[in-house]
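> Protein sequence lines correspond, in order, to chains A and B. Residue numbering for the first sequence is 1 to 326, as defined by my numbering. Residue numbering for the second sequence is 1001 to 1079, as defined by my numbering.
One or more hints might be untrue.
To be verified - Short, incomplete list of chain A residues facing chain B, as computed with Cβ under 10 Å: (1) Gln47; (2) Pro96; (3) Asn251; (4) Arg253; (5) Ile254; (6) Val324; (7) Cys325.
These are calculated hints, taken from the structure and not from any lab test. The C-beta atom is built at its ideal place from N, Cα and C for all residues, glycine as well.
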Amino acid sequence: MSRPRLRQNTGPAGTRLLGFGSAQGNRVVTNDDLAQRVDTSDEWIRQRVGIVERRLADPDQTLVDMAVEAGSKALANAGLTPTDVDTVIVATCTMPGQIPNAAAQTADRIGVKAAAAFDLNAACAGFSYALTVASELVRGGTAGRVLVIGAERFTDWIDWDDRANCIIFADGAGAAVVGPSDEPGIGPVAWGSAGDLVDLIYLRDGRYVYQEGRTVFRWATTQIAPIAERAVELAGLALSDIDVLVPHQANLRIVEAIAKRLRAKGAREDLVVANDIVHSGNTSSGSIPMALDHMTSEGRVSSGDVMLLVGFGAGLSYSAQVVVCP
Amino acid sequence: MSNEDILKELKAIVEEVAGVDPEEVTEEKSFVDDLDVDSLSMVEIAVQAEDKFGVKIPDDQLANLKTVGDAVTYIATNK
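Next comes chain A alone, as it looks inside the complex (with noise of 0.2 Å):
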């Protein structure tokens, strides 16, 4: 007699975004409010990290709130209900406590019914993690749609007289939903890490966000955009057929260089660079969809734009692919 035979999900031919949302801290923190506290000024750190304010949370304002709050918005611009989605994933790596993850309790409030939901660390390179995740788990038949969320609450971790690393990072959620598609609209990922470079990006005692600054911007500038290359191989495309690019928003000046060396590649001259930093910090894997969120509401970019993604951070890990613009 033959053993039984499994069967196993088939999915659609592709997959897409679909619309994105946002949340930030609600207070606004400027750098004159930092240089209150720490010795540094307005001028030093809008020269180095390209920072003129950032958002951070109010007290009572969780990670959660604010990843619901991206999540909700997400689907909403997508024409979505709750009820449209089966599968929640949260990119976060500032969730306080590890017990219970962030993800169910999102659903849960979203409303997404018994939503399979889980967190995902790959730190400033979460969200392109996460997107690729969830884009398989459609692809493979798995998933119907997928509301990938990338949110951190970096106030818990900073030592506020590090005047290094507090002025970079800041609060926030972004959001991206993700469904079948007859065209392909989500790339091949480019991924990886360099865990010989863990001691780059760490908690300091257990307790504090703390970065080797020169090291990693060397590292930022230098090896990250031959993976946004890398992707856009991948996606069978040619740096010129890219019209948006959306980096990490660690730094601005790393924004500025990754640009720079795919423009000596072949990107064009009038590539829409994210520079969202800028009002914004730096959130780690809020970043990459708060700035796709924040460039579609201010019409930066438009629908059926060709955009290359790409997150780097702690791990070391790294992360690109490219999106067609919902």
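Chain A is fixed; fit chain B onto it per the hints.
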């Protein structure tokens, strides 16, 4: 490559990265104090110098290159 040639190439890199007039980039000048080149621009200069001269300039060595002359000597010695 003579020290003079290294200086000439270095002037071009410093101008490209930090917008400093090449006339100003002379051996006795301090990158930070005289030319107003910040630590991140120093990294960009080091990366370009590595490509141009085929030399390794790790961050711990970079911190020791205070003047333009220090950089010229380091490149001449290590390439």
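> Each hint: holds or not?
Hint check:
1. A distance limit of 10 Å between C-beta atoms decides the matter here; for Gln47(A) the minimum to chain B is near 7 Å, and the interface restraint holds.
2. The interface hint given for Pro96(A) is violated, since its Cβ lies 31 Å from the closest Cβ of chain B, which is over the 10 Å cut-off.
3. Look at Asn251(A): its Cβ gets to within about 8 Å of chain B, closer than 10 Å, so that hint holds up.
4. This hint holds: Arg253(A) has a C-beta 6 Å from the nearest C-beta of chain B, less than the 10 Å allowed.
5. The interface hint given for Ile254(A) is met, as the beta carbon of that residue sits about 9 Å from the closest beta carbon of chain B, less than 10 Å.
6. Interface hint at Val324(A): violated, since its Cβ lies 33 Å from the closest Cβ of chain B, which is beyond the 10 Å cut-off.
7. Interface hint at Cys325(A): violated, since its Cβ lies 31 Å from the closest Cβ of chain B, which is beyond the 10 Å cut-off.
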